[in-house]
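Chemist: The residues making up each chain are set out below.
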Amino acid sequence: MTASVTFFPVDCGDMTLVQLADQGGTTVLVDINIRQDADDAEEDTRDVAKDLRDRLKRDSKGRPYVDAFLLSHPDSDHVRGLERHFHLGSPSEYADDGKDDADKKIVIREIWSSPLVYRRASKNHALGSDAKAFNKEAKRRVQVNREKQFAGVQDGDRILVMGEDENGKTDDLSPILIKVGQKFSAVNSVNKAGYFTATLIAPLEKLQDQAEDEKLGKNHSSVILNMMLGADAKTPDGCKFLTAGDAEVLIWELLWDRHKDQKVNLEYDLLQAPHHCSWHTLSWDSWSKMGEKAKVSEAARNALAVARSGAIIVASSAAIKDDDKDPPCIRAKREYEAIAKNAGGAFYCTGEYPNEKGQEPLRFNVTSEGPQPPSKKEVGQKAAAVITAARTPMPHG
Amino acid sequence: MAVKVLPQAIQDAIYTLVHHQAVVGVGEPEIQGVWHLIDVDVAVQLPSRAIANGVSANGVRAIETLHLQFPPDYPLRGPAPFLRPDFPTHFPHINPHKSGQRVPPCIFEGSLHELFHRFGIDGVMDQLLDWLNKAAAGQLIDLNQGWEPTRRVGNDITFSFDADALAASLPHDGAIALVPTWYGEMGESRYFTLLRGLDQCPDLLFTQNHMQTKGGVAWVEGCARAVLAVSPWTDSRPTIFDTYKPDTVTDLESLLVRAEELGINATELRAKLDSHVYQCIFRAPPSGTNAWPWPGDFFVPMLLAVHRPAPLIGTNGRAVEFVPYLIRIPRGVAKPDLANSQVMSAMHSHVLSPMLLARTSGYGGTDINQRLVFLGCGSLGSKVSMHLGRAGFGNCTFVDNDIFQPHNTARHALFKLSQFDKAVMMQEAFQHIGHPQARAVSTNILTLLAEKKPEEFEKHFPAEAKLLLDTTASLQVAAAAISSPHLDKHAGRFARGLLYGQGRAAVLLLEGPNRAPRCDDLTAQLFSLCRTEPEIRDAIAGSRSDPTQVFVGDNCRSLTMQMSDSTVSRSASIIAMQVERWLVGGFPGTGWLTVGAASGNEMGMSCRGLKVEAPVVISVAGDGGWSIRVAAAVADAIQRDVQKWGALETGGALLGHIDLNSRTILVADLVDAPPDSTREQAKFILGKDGLEQVLRQANLDSIGYLHFVGTWHSHPLGGSHSNLDRKTLERLASYGEGLPILSLVWTPTGLICAVERADQTKNAGAYLASAAQLLGEIVD
Chain F
1 MTASVTFFPV DCGDMTLVQL ADQGGTTVLV DINIRQDADD AEEDTRDVAK
51 DLRDRLKRDS KGRPYVDAFL LSHPDSDHVR GLERHFHLGS PSEYADDGKD
101 DADKKIVIRE IWSSPLVYRR ASKNHALGSD AKAFNKEAKR RVQVNREKQF
151 AGVQDGDRIL VMGEDENGKT DDLSPILIKV GQKFSAVNSV NKAGYFTATL
201 IAPLEKLQDQ AEDEKLGKNH SSVILNMMLG ADAKTPDGCK FLTAGDAEVL
251 IWELLWDRHK DQKVNLEYDL LQAPHHCSWH TLSWDSWSKM GEKAKVSEAA
301 RNALAVARSG AIIVASSAAI KDDDKDPPCI RAKREYEAIA KNAGGAFYCT
351 GEYPNEKGQE PLRFNVTSEG PQPPSKKEVG QKAAAVITAA RTPMPHG
Chain Y
398 MAVKVLPQAI QDAIYTLVHH QAVVGVGEPE IQGVWHLIDV DVAVQLPSRA
448 IANGVSANGV RAIETLHLQF PPDYPLRGPA PFLRPDFPTH FPHINPHKSG
498 QRVPPCIFEG SLHELFHRFG IDGVMDQLLD WLNKAAAGQL IDLNQGWEPT
548 RRVGNDITFS FDADALAASL PHDGAIALVP TWYGEMGESR YFTLLRGLDQ
598 CPDLLFTQNH MQTKGGVAWV EGCARAVLAV SPWTDSRPTI FDTYKPDTVT
648 DLESLLVRAE ELGINATELR AKLDSHVYQC IFRAPPSGTN AWPWPGDFFV
698 PMLLAVHRPA PLIGTNGRAV EFVPYLIRIP RGVAKPDLAN SQVMSAMHSH
748 VLSPMLLART SGYGGTDINQ RLVFLGCGSL GSKVSMHLGR AGFGNCTFVD
798 NDIFQPHNTA RHALFKLSQF DKAVMMQEAF QHIGHPQARA VSTNILTLLA
848 EKKPEEFEKH FPAEAKLLLD TTASLQVAAA AISSPHLDKH AGRFARGLLY
898 GQGRAAVLLL EGPNRAPRCD DLTAQLFSLC RTEPEIRDAI AGSRSDPTQV
948 FVGDNCRSLT MQMSDSTVSR SASIIAMQVE RWLVGGFPGT GWLTVGAASG
998 NEMGMSCRGL KVEAPVVISV AGDGGWSIRV AAAVADAIQR DVQKWGALET
1048 GGALLGHIDL NSRTILVADL VDAPPDSTRE QAKFILGKDG LEQVLRQANL
1098 DSIGYLHFVG TWHSHPLGGS HSNLDRKTLE RLASYGEGLP ILSLVWTPTG
1148 LICAVERADQ TKNAGAYLAS AAQLLGEIVD
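The listed protein sequences derive, respectively, from chains F and Y.
Numbering-wise, the first sequence is residues 1 to 397 according to my numbering.
Numbering-wise, the second sequence is residues 398 to 1177 according to my numbering.
Since the hints were made in silico from the structure, they are not lab data.
Every residue gets a Cβ at the ideal spot worked out from N, C-alpha and C, and that includes glycine.
Do not rely on the hints blindly, as some may be mistaken.
If we take Cβ atoms under 10 Å as the criterion, some of the chain Y residues that face chain F in the derived model are [stated by the list, open to error]:
1) T413
2) H416
3) H417
4) A440
5) R446
6) A447
7) S453
8) G517
9) D519
10) G520
11) M522
12) L526
13) D527
14) D539
Given the sequences, and given the hints that come with them, work out the whole structure.
Modeler: Dropping the structure here:
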């Protein structure tokens, strides 16, 4: 298999599928944002659920599945569509075997979840239904693991806990706990070293100072992973993919402080621009209020600029306009473009690929020399472009 | 000087090229004779870390120049694309070319002209860009999918051989082999077939006969020896060559270089070739005063074999690649000399074999040696078995003692040539399509099934046979199969395929393991299905008004059965497809019923499959002994009803089919107790409201196959039939015109059954109605 990272056009939200180069083509899905419109055949919104399903494998019972699903944080634009499209609950309760493939819920063999991120998020705003359902499922899986004492846990019951929770709540979970700073290569309990090694960068541990810790929550504390993806059996360092949910400026400042002498932890070939190209990732100032006077946080920018040669930065957002909107923010785009240009690389936006009117999943191949953007194709593009003319009236005299 | 105006089609092509988003520059067209040559600069998507260098680690540049050659008949034919002459060639998917010339990429698995006509210049460019990007990524091939064989562009030289067999017989010591070969030549086309045995080729090393076809076209045929070379093994393992190299062989010298690259000792190979040419001359027949011993050119077919790191794409796990060449020495005045030879690349074509058929059919990974027995070689049987034979399943026996008659030509898969015995005709046809092991038994199927001597049965229906498929549509054969003691002991599965309704319904019955369910159970289930599936019922009934004809099935032997060949084929293909799926994916662990039905004048059939579990079989002594076979679905329904009513007795009416010959009652369905039934702890009264109508309707809906055969009721506390039960049964039976009537009782330890037959004095027509009237009186 060719390893790849695919970003789905989900407007301002994240949904990214990582496929490994191992024989089985192991899949790691990072966040989902499947809007109701996208499920409605009558609407123009890209049917990203179909796009995702087309790329997933089917198990021996014909059920679509992902090997692992990472929820960076429980905001709705990162977990929307979970209940509609994914099986939640014990694998023995799967009820869709008799249905058409397109109607079968997707099995998550292993969940990657952070209770600390959940705790911080729920202090700041009410969680949506999908987020609650995810939390319930994560808790169920932790319970199964505890009951089985972490031995003989099956597909669909597995979970990895990303980062220690407060007050020693995850101390008894060490077999399924990934601590911040730790590297891991197991996906769904299978060692994928050589094809996949990830370093857990965040959530940052609970800070002693209550007020400071609360600020982390307000900065969209998220799971941040730096994944090293192998290009083939011989090339473990094909592509370093840094994905960071919605983590904002304070988090990046703290991370810079922590890693500036060990930049390899933040180094990337492929960066998913945090928080859909939000200015708040790079600055304490408000873009809409201060405009061009808003200042960049040097430390945060430094943390996001450890780009390897030719690095690619992807904003998972709507098309970025030159306006005061944030996210996505034009000023943030300019910063990322500058970072990418400095590295000799490129900046992409999912809402503009291949063009704003005809969005498609954006897939990067993982090669032995880094990620490779997709081919520029013409067939079908012109006809599709002509059709979009029908979105506006065509007056005739 | 006159400015030459470009043809409109070329102008259009340039316009399209300029507007392709990956194109960064289009050069001035160069006109070479009637060809137009256009250079196009394209931006390659380099991997991110290669961008700074402007070139990928494997040598693909950020900007590559494509050289497109537009033929004189463009746009009838599309442009031929080439890369720069120094483009790295260690990639797969590069067409053969001369070293130092422009590199021709193979960008599409089919014809490039077809791609061009489907998607235009943009499609060709997209495919080229995709190829270049994959080359830059080092991902032109995924070894998980297999090794891409050395590219060959279409030419007129074909080598035909069984590559799997040849790979298995390769020497380990690097010895160069000479393989007997037949060859033919007509015009520019040359065809070489490597022969398996020396006996097929005369002792002469090289012969040549010049002939003429009836139409006066000259052709040449003869025998030759193909030279086969492979690198020696090291440490008891084959030497693996995992570097791609495009074919740049154009003469003997470059052929020897190529051989050396593949681990073959080129000096030894050259010596072997020299000695072979010498031997051929030495042993050639006298040719008068001419130094050249043959009427035409001299040939040495050449095969280089090489072990690859992964199985070749499109093979069944074969990791040995054969690269064929033809060494040709044109006829001259002096003796043949390799110094004057030409070397041409050749194509490999597979010899006809079951594996070739299986692979072409998509069944490459399947065990095609599963043994099959076809009972009946009529229209349906011939078509079903030909489908299976063409799919690679040819380890089979044909059993039929019928002969081919003129009217059979209308519907049979074959037509009469030299044979007239249908089984032998099928065997011969199978041998022609690559199944030499096919057998024919021109014996009466009935006698074989009922054969007193089991060794006859075992001989023709060997124990390893996976499937015995009866397509005779003969009820005699069906009856013989049901009662065959040999079949009972056979480990294979017995199946019956037949048509109904003048071909509107295709039915395939597969008996379960250990013959549970049997074909008679499945047939009863088929007609039970008709009760709830009007489409199937209508298709089975066809246009016949007399249901007695329906059950016979459509027997194509009959001259009066009017049905077109295409109609039979429609059903045959469905039956064959189902059998193929079983052979590929394994037989179901239960019995199975596949029904295809066409509604009205529809051309298509809708198919459905039904799992049929083993029936509950009860032997009843008395009255000469009866076998009661209660369908699993009926037993389950009884169980559910019993559970529903708990401590109360419950019951209902049974629908079934009686086979007096085998003294079997097949209970296939049931009718719920009418609303006026009474359920008490020690008593069940089967009511009568509407029951007669329901029973009549059930009889009609099952096309008369199922009828009222008795009652069932429960004894929650256990115990066998009470005196009252027996009395009721007797009274019921008295309406039965001598038909056996049964009384089935559910007890906590299982079903028990009693059968009763009365003397045969009553009026047959009154049977159903009277029995239903009587039901109100049943008490216990």
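Chemist: Could you run down the list of hints and mark each one as holding or not?
Modeler: Each hint tested on the structure:
About 8 Å separates the beta-carbon of T413 of chain Y from the nearest beta-carbon of chain F, less than 10 Å, and the hint is met. At about 8 Å, the closest approach between the beta carbon of H416 of chain Y and any beta carbon in chain F falls short of 10 Å, and the interface hint on this residue holds. With a cut of 10 Å, the hint placing H417 of chain Y at the interface with chain F holds, because the nearest CB-to-CB distance is about 5 Å. Taking 10 Å as the C-beta cut-off, the interface hint given for A440 of chain Y holds, the closest approach to chain F being about 8 Å.
A cut of 10 Å between beta carbons decides the hint on R446 of chain Y: the least distance to chain F is about 4 Å, and the hint holds. Look at A447 of chain Y: its Cβ gets to within about 4 Å of chain F, closer than 10 Å, so that hint holds up. Interface restraint check: S453 of chain Y against chain F, minimum CB-CB distance 6 Å, threshold 10 Å, status holds. Taking 10 Å as the C-beta contact cut-off toward chain F, the hint placing G517 of chain Y at the interface holds, the least distance being around 8 Å.
Among the interface hints, the one on D519 of chain Y holds; its C-beta lies about 4 Å from the nearest C-beta in chain F, closer than the 10 Å criterion. The closest approach between the C-beta of G520 of chain Y and any C-beta of chain F is roughly 5 Å, which is under the 10 Å cut-off, so the hint is satisfied. Interface restraint check: M522 of chain Y against chain F, minimum CB-CB distance 7 Å, threshold 10 Å, status holds. This hint holds: L526 of chain Y has a C-beta 5 Å from the nearest C-beta of chain F, less than the 10 Å allowed.
Evaluation of the D527 of chain Y hint against chain F yields a held restraint, the C-beta minimum of about 5 Å falling below 10 Å. With 10 Å as the threshold, the beta carbon of D539 of chain Y comes within range of chain F, its nearest partner Cβ sitting at about 6 Å, so the hint holds.
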